[in-house]
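**Q** Sequence:
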Amino acid sequence: MTLSDTAADLRAPSGQFLKKSAGKTTFTGTLENLPYPDRFPTPDEAVEQMFTLGYVLFPGVLDSAEVAALRALMDEKGGADDDKYNVPGWCYNRQHVTDFWQEPRLLTYMDRPGLLEAVRGIHDPGAHVTGGSLWTTGAGRAMGIHVDYQPFALPESVYDAPGARIPALTSTAHYYLNDMTADLGPTLVIPGSHKAGRPPVDESTWRGVAPQAVMVKAGDVCLFRGDIWHGAWLNSSQNERRYMMQVHYGTMYIRKTFPGIQWEQFWSADVLAQATPTQRELLHAPTGM
Numbered sequence: 002m003t004l005s006d007t008a009a010d011l012r013a014p015s016g017q018f019l020k021k022s023a024g025k026t027t028f029t030g031t032l033e034n035l036p037y038p039d040r041f042p043t044p045d046e047a048v049e050q051m052f053t054l055g056y057v058l059f060p061g062v063l064d065s066a067e068v069a070a071l072r073a074l075m076d077e078k079g080g081a082d083d084d085k086y087n088v089p090g091w092c093y094n095r096q097h098v099t100d101f102w103q104e105p106r107l108l109t110y111m112d113r114p115g116l117l118e119a120v121r122g123i124h125d126p127g128a129h130v131t132g133g134s135l136w137t138t139g140a141g142r143a144m145g146i147h148v149d150y151q152p153f154a155l156p157e158s159v160y161d162a163p164g165a166r167i168p169a170l171t172s173t174a175h176y177y178l179n180d181m182t183a184d185l186g187p188t189l190v191i192p193g194s195h196k197a198g199r200p201p202v203d204e205s206t207w208r209g210v211a212p213q214a215v216m217v218k219a220g221d222v223c224l225f226r227g228d229i230w231h232g233a234w235l236n237s238s239q240n241e242r243r244y245m246m247q248v249h250y251g252t253m254y255i256r257k258t259f260p261g262i263q264w265e266q267f268w269s270a271d272v273l274a275q276a277t278p279t280q281r282e283l284l285h286a287p288t289g290m
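Under this note's numbering, the first residue of the sequence shown carries the number 2, and numbering increases by one thereafter.
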């Protein structure tokens, strides 16, 4: 396939992509897992893998107490009416925006050691948090292969050129709060697929590489580029829900789309008092407060 005959309908006249995928992209093949790391990656290793494979796994970012606390916070924010998150004909889907500027208990998930260095390594100058979500899902949910952010078209030959390194404009950190199993609907990632330079169209593999499951433990984190092809396996669990937190990051070029809130009245006084200088920088918090 060439870029023009697979992705043209997804683009504006300017060449910018308007959609994350098109057609049938749900993967139904044999499920295999990403290799599980035998140790925590160094910052240099993590940055290099983000450019070569498009993702990196960080084991043991949260301990068991932190996992339990974050799950409890997600349940608290969900409220007492749990039934409202049951979508008829689909699944249980509870997703809330991470209100970092209002909730001081969320600050600690933006700048975890090791993860922060990787984020800065791919996004600096100007690495910052653009948003996130607290996401709990139940049986019935699957997600087709897609990209989160593919700003413009590039032929694959660009990535194949010796020494070529395309900037990662956005990335997402997934904090997993379950010991993942296939029936919980793990995230699927196609290693290296950010080099496609386009979203998927009626395809769920890339260059013969099938999606692989992020089969991790509670407290682990997967950081991936916004232009990597990824999705989710079908959640078929009848007795457990998948708990996950997302933290989105971007470069300074993304700041105009996701600007920091510069009016103090919209910020919690507790957040402004408790946020570290690094956290304030990541959030573009009001200056001089």
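Derived from the structure by calculation, the hints contain no laboratory data.
Hints may contain errors.
[Claimed, not checked] Distance condition first, Cα-Cα at most 35 Å in a straight line; then the derived DSBU-like pairs of lysine-lysine:
no.: 1; residue 1: 78; residue 2: 20
no.: 2; residue 1: 218; residue 2: 85
no.: 3; residue 1: 20; residue 2: 218
no.: 4; residue 1: 20; residue 2: 85
no.: 5; residue 1: 25; residue 2: 85
no.: 6; residue 1: 85; residue 2: 21
no.: 7; residue 1: 78; residue 2: 218
no.: 8; residue 1: 21; residue 2: 218
no.: 9; residue 1: 218; residue 2: 25
no.: 10; residue 1: 21; residue 2: 78
**Q** If you draw a straight line from the CA of residue 21 to the CA of residue 218, is it 35 Å or shorter?
**A** Holds, at roughly 28 Å.
**Q** Given the proposed pairing of residue 85 with residue 21, does the C-alpha separation stay at or below 35 Å?
**A** 28 Å, holds
**Q** Against the 35 Å threshold, does the CA-CA distance of residue 218 and residue 25 hold or violate the hint?
**A** 30 Å, holds
**Q** Hinted pair, alpha-carbon criterion (35 Å max): residue 20, residue 85. Please report holds or violated.
**A** 29 Å, holds
**Q** Would the hint linking residue 20 and residue 218 be met if the CA-CA limit is 35 Å?
**A** Measuring from Cα to Cα gives roughly 32 Å; hence the hint holds.
**Q** If you draw a straight line from the CA of residue 78 to the CA of residue 218, is it 35 Å or shorter?
**A** This hinted pair holds, its Cα atoms lying about 24 Å apart.
**Q** Has the given pair, residue 218 with residue 85, been kept, meaning a C-alpha gap of at most 35 Å?
**A** Between residue 218 and residue 85 the Cα gap is close to 29 Å, so the pair holds against 35 Å.
**Q** Are residue 21 and residue 78 close enough, with their CA atoms no more than 35 Å apart?
**A** 29 Å, holds
**Q** Given the hint that residue 25 pairs with residue 85, does the C-alpha gap stay at or below 35 Å?
**A** 29 Å, holds
**Q** Verify the proposed pairing of residue 78 with residue 20, using a straight-line Cα cut of 35 Å.
**A** 30 Å, holds
The structure is consistent with each of the numbered hints, conforming to all of them.
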